[in-house]
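Visitor: Chain residues, written in single-letter form:
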Amino acid sequence: MDDESAAPSAFEKLAAQFRTHPSRFILPILILGFLLRVVFLPNPGFEADISFWKSWGLATYDHGAVWGIENTNNNYPTPFTYVLGMMTWVYSLFADPHNFQEYWSNTNLLFLTISKMPAVIADFIIFWLFIFIGKHAKKLGFPELPFSIYVLAGVAFFLSPITIMDSAWWGQVDSLGVLVFLFAFYLALTRKPYLAGFIYMASMMTKLQNMIYGPLFFILLWQMTGYKGLLKGMFGAATAFIGLNWEFMMARKMNLVFESLTVNYDYFPFMSLNAYNLWWLVAKADGMHTLDKFSVVGIINAKTVGLFIFSSLYLLSVLIMIKETIRMMWKNSITTLTEQNTQDILYNFFSGMIIVACAFFLFQTQSHDRYAFPLVVLLPFWLLFFLKRSLTKTERTTLYSTKLFKNSVLYFSIFTLFYFYNLHNAMVDNYPLNGFPFVRDLNIPAATIITSVVQLILFFAFLWALARHISPYWYAVPLGTVILLLTISNLPLITRTPVSINRFFPIINQQGYGKMQKNMPVNAHQGFNYWSPLSVQYAFYRNGYGTHAKSYQLFNIAGKFAKFSTDYGIDTDAGGAASATFEIYGDDKPLYISEKIGRYEYPRHVEVDVTGVKMLGLVTNDAGDGINDDHTDWLNPLLWP
Amino acid sequence: MFKKLEILIALGMLVYAVWFNLDLYKLEPTAKLDPNDNNFQYGLVDRADKIWDFAARICPKNITYPICHLSYMVDHWVPNWAQGYNLPFYYSHAPQIAIVGSYRFIQRLSSIELFTYYHLVIYILLCIFPVSMFLALRVIRLPWFVSGIGALIATHISTDGLYGIDPPSFLWRGWGLSSQLYAMIFLPLALAYGWRIFYSGFTSVKSIIRNPDFMLAVVFTVSTTLGHLGIGMVVFLSYGILAIAKTLEQTLSQSRIGDILKLAKSHLSILMLFGLFSMLFLGYWIIPTVLSNDYHNISFWDPVWKFDSYGWKEIMIRFFNGDLFDFGRFPILTLFTILGIFSAPFLGGYFPFSLLFIFWMLLYFGRTTWGGLIDIIPGMSEYHLSRFIVGIHITSLFLVPIAIWHTATTAAHAVPRWFTIAVSALILVYALPPVYRQTIHYNELNDKLITQANENEAKVRDDTQNLLKTLSTLPSGRIFAGRGGGWGKDFKVAETEMFMYLSTFGYNTVLWLPETWSPNSDTEQYFSEDQEKDYDLYNIRYVVAPPTQQTLPFWKKMESGKNWILYSVPTSGYFQTATRTMNVVSDKQSFANIVRLWIQSDMTKNQLFPQLTIAKRMSADRFTLPTIRMVDEVTYLTAQGNRQNIWNINPLYTADPPEAEIVGSEKIDTDMIFSQTVKAETGCRECIVILKQTYHPNWRASINGKSVKPIEVFPSFLAVPIQTSGIHEITFWYQPSPLKVILLVIGLVGAIVYAVFLVYTKRFTHHP
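Chains as they are written, first to last, in our numbering: chain A, 125 to 765; chain B, 59 to 826.
Just to be clear, a hint being listed does not mean it is correct.
[Stated by the list, open to error] When the alpha-carbon atoms are kept at most 27 Å apart in a straight line, the in silico DSSO-like pairs for lysine-lysine are as follows:
#1 A:K684 to A:K713
#2 B:K820 to B:K264
#3 A:K447 to B:K323
#4 A:K642 to B:K547
#5 B:K364 to B:K591
#6 A:K639 to A:K738
#7 B:K725 to B:K591
#8 B:K371 to A:K642
#9 A:K263 to A:K512
#10 A:K447 to B:K84
#11 A:K137 to A:K259
#12 B:K614 to A:K642
#13 A:K316 to B:K304
#14 A:K137 to A:K527
#15 A:K642 to B:K323
#16 B:K725 to A:K455
#17 A:K639 to B:K364
#18 B:K646 to B:K547
#19 A:K455 to B:K320
#20 B:K320 to B:K304
#21 A:K455 to B:K323
#22 A:K263 to A:K408
#23 A:K263 to A:K137
#24 B:K304 to A:K352
#25 A:K137 to A:K517
#26 A:K352 to B:K323
#27 B:K371 to A:K639
#28 B:K674 to A:K687
#29 B:K737 to B:K764
#30 A:K447 to B:K663
#31 A:K352 to A:K455
#32 A:K642 to A:K738
#33 B:K320 to A:K352
No lab work stands behind these hints, which were simulated from the structure alone.
Modelling step: build the complete structure from the supplied sequences, incorporating the hints.
Guide: Below, the structure is given as structure tokens:
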């Protein structure tokens, strides 16, 4: 019996049914998705986060948002505190949040349900959005493909283990963040720029990571709605920012808002926060314990290299988005967009979004395991455009049997598999008793390394696929930019000129009081009224850093230098009781230890040989009489190649 | 008919705004002394008054007299602070000339004192600022009523003293930034005409030059800059933004790239032309200032935030807290400013003001945010970036009326104009009372403090006048009246510290730094009160101290009053002989620490003075003396190229004291000309005669009538080498920069030629 005459299998029958009557499958899919989520809702998930939510939600519920943020360690965007307060309020309708035992139990099913519900509901709405767009594809500027493929794209998201794990199991709100962003995107599509900008800001205030998509979103808004639309969108964003933070503005506590937007920067200064990416590889599967301030290219640390790659890929995304507009403007003024123009813009938008999301996840240090979550939505959307653009009209009629479609499914499946593994490991690393036993057993360094490699390959495969529609020469832009930035940053090594120690970020940074201050004494940490130049007994310096005994700053100088020279002394702003010793260590071996230095003494100077030294430690000690007043300065600290 | 009514209402709003200020601040010109920067500002006016007479006396009475007189007025020595400095060479001087000139005219009609007249001027300038704002809004073609709104809010920004254009910058209890006020009065008009020249569709150079808008743009920009160089910088940078605004608008409107480039080219030409014309009139000031920048100090003692500003986070927090516009009240102006940013582009042509606001906000973030990137803009490395708040404030004064009008237009869409005005008026009825309440509230304490200070001044007036009278009869020398960080802080004339008070009225003092531009500003602070040699170094001949102050053995009591005791201290006067021991080559920011080592050594007592050469690079073989070059604040290169640290190896060479001495008594004319007689013995090697005034290349010197080039010696004093033995008549005099004079003449001639050209073209156009 040959293949052609073989009876179709049950799966093939089902697939054929799906292709012809996709609507009939929607309800079963919804029920299946619901059941899968119900199974995971009682799971305590990421217990620490849920406990924080309880704490911050209760504070807001009891005392209001401003008090809640000011008096807890809440480090989420300020408007999200209303979401948390709302959770506790809903909880209070059914139970007493002040019942300590019940409320704080990590198996509190009611709270787990309430807290996971926003994300779970978001999953359903995003699925609905795929269907809605599929039904109105032409009107919205999406490719006219069979409706079934939109349903399939929705399923790829809705039933993805990544989605279910993140929302219903883990208890995160990534899905909610994506939904709000997609809502803003939908408003941009429907030419409602003010609301689009407003909702974009709300999305950023729900999930701060949406900030990285801001420039691309506003470029899209500009392309879709023109100059006036862009302005309206920005006005919408400004209105939302003020509206959502109104209570803080009226209380003149906007410091809390801006603190919440910046506090997480460098909060976990490690190579990779369980994101299996470039830096996970560099850290040899120990990214959570490897600081990102180690020099990796010349004198440039991993964090800076990561930022360079991210920025360069962001530049590529922007170029991909605007190249078509520029081309059109070169010919004539753009007055209206054709259907094809809109599709091109959206294709480029999703391409740019994926590059940015991948760059954020794969190449930045301090990247979280969950930062790639938006890809589970973006990739299906992108594939719709990709398939439309890549296949001929005839091929599109037999879309499901094309090699490209099959490869796309394969690609998404590999992504799902490996990224789910990544998320799962991140969860069980923190809660070893949670997770699927068989996947848990796979949580070994070698497998994480393989996953990192695969996820990087997937990104390059994406770029390779994209090269079908853009000239690969565009890729020279990020590559050239990274090389240029790295070269410029390493110029002192190339030209053999001295480098200030301030060019390095200390790997260990400890001191007895305040925070280390570049080019200013330690008291500058108290705010601008305390900013002053470094000075020792009124001898002033423009360069150096101020610290406070007992201090220990360890710099990774990577064996690139021959000599270290510095002046040192007690800063003029110190009190009379100050006294300290200054010590220099090379790879933990003492290179120099000063005598006791007092407050009214002139600066001293020292030069030490640091040939081959990888770790340079600068220590100030209290000279045995306590640390009171010991404002210690390292002045003109220079490394000589 | 309705139009006339609208004009009448708008003028009524303007009159009310000015009247409100005149009434509210009426105590301002009654002040008898100042507690703030006005001491410095009045000191400059007082000095300009003295120089007026000096120049009148010294300038030849021929055709060159006006230029000669003017050259002294724009470039003279101010000896009051920091060992003297030619402040008008670098700092604004036109306002002082205008005040002194008008005062001399008014003096014929009234017996008003210069001090009171000065306060009257700044009071009036503050009060009439709404007029300037009103006119500017009319210039940018906003309706009369909107201009009225602008006038009503013009002087009602409220901050906690951030050096902006709000009353706390100018009132008695505030900062006393009257120089900023001189500029502020022209600032709105400069921006408004800038908008006109870029938004009136000029296409050719010829048409733009002939247009009165262009001329007025130049006039108001020059006037603003003459008032305050920093605010002038705000205008020039704003013009850069105005020039690109329309191009950006077209780009964002997705116009054809060819059209965009054409527009960009045209606006760039206008910008260059504007820069050229402005520089024609300002060149006499800007060009010599840039060329002599090596003698303009950047002080370690200035707060870091002044230069670097506060950074994006602090500024955004302040902005959204309402502290940039609405300190002490509901953030009304803040909200209208934000609304204005987005409204302006929709009102047609006002996008540049939105762009300007964003630009100034970004720049105001300062070096704290942008690091060295901001220094790409010329002049930024030595600019007080915190003063860019002025750019933010002035732009908001355009945006707020636009926002109110746009809100009303939107609310009253497609209805008659009177309805729009009615809606705007309704908004004003709700918005203005809290705005005005805060202004009134701020001034309540201001009035109380002025009254109190005047009462206190009256109690000590006679006693203080006695001191001034005594000092004016004594031989010239600097006065030490304590320092701000010591007993001088509590030694006051009413509310003003004595050291401030004395310098305000033209007595040469030390250790108060209302300006830190003199290269002696930083190192003068190393003066030790208990070291007799330091008094001699700085020619501190007199000490004025409160009766409770413990005296030092070398202070000799001269006279006393109820609240003060006057002491004398022996010094060699403004002249001193010395031995030049070595050369120190340094850039202007790297010699403070080595000078300090020298001040605190015995070298000053032994009359040993190193030469100071301000240069970035200089080969040692140019000097016959030992030479070192400072490569940073503490590191130096020896002639052999060895790198050393001043704390490790003290590089100061010693020598024998000079075999020369002062033999005459010094003659001083208005601190502009100093003469002395010196006797040098045979073999007096490396002998120099020092004048204890801050070095500047504009100083000239002669020995026995023969011109010699002065050199700079530690700390930053003038000196001339004595090559031969015998009696020498030494004269130093301050000469206004010849380049300045030439450029001034070119500017004046250029102004006349341009005026004639405009008149001629106008006539030609009318009667072809």
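Visitor: Against the structure shown, which of the earlier numbered hints fail to hold, in ascending order?
Guide: 4, 5, 10, 12, 15, 16, 18, 22, 23, 30
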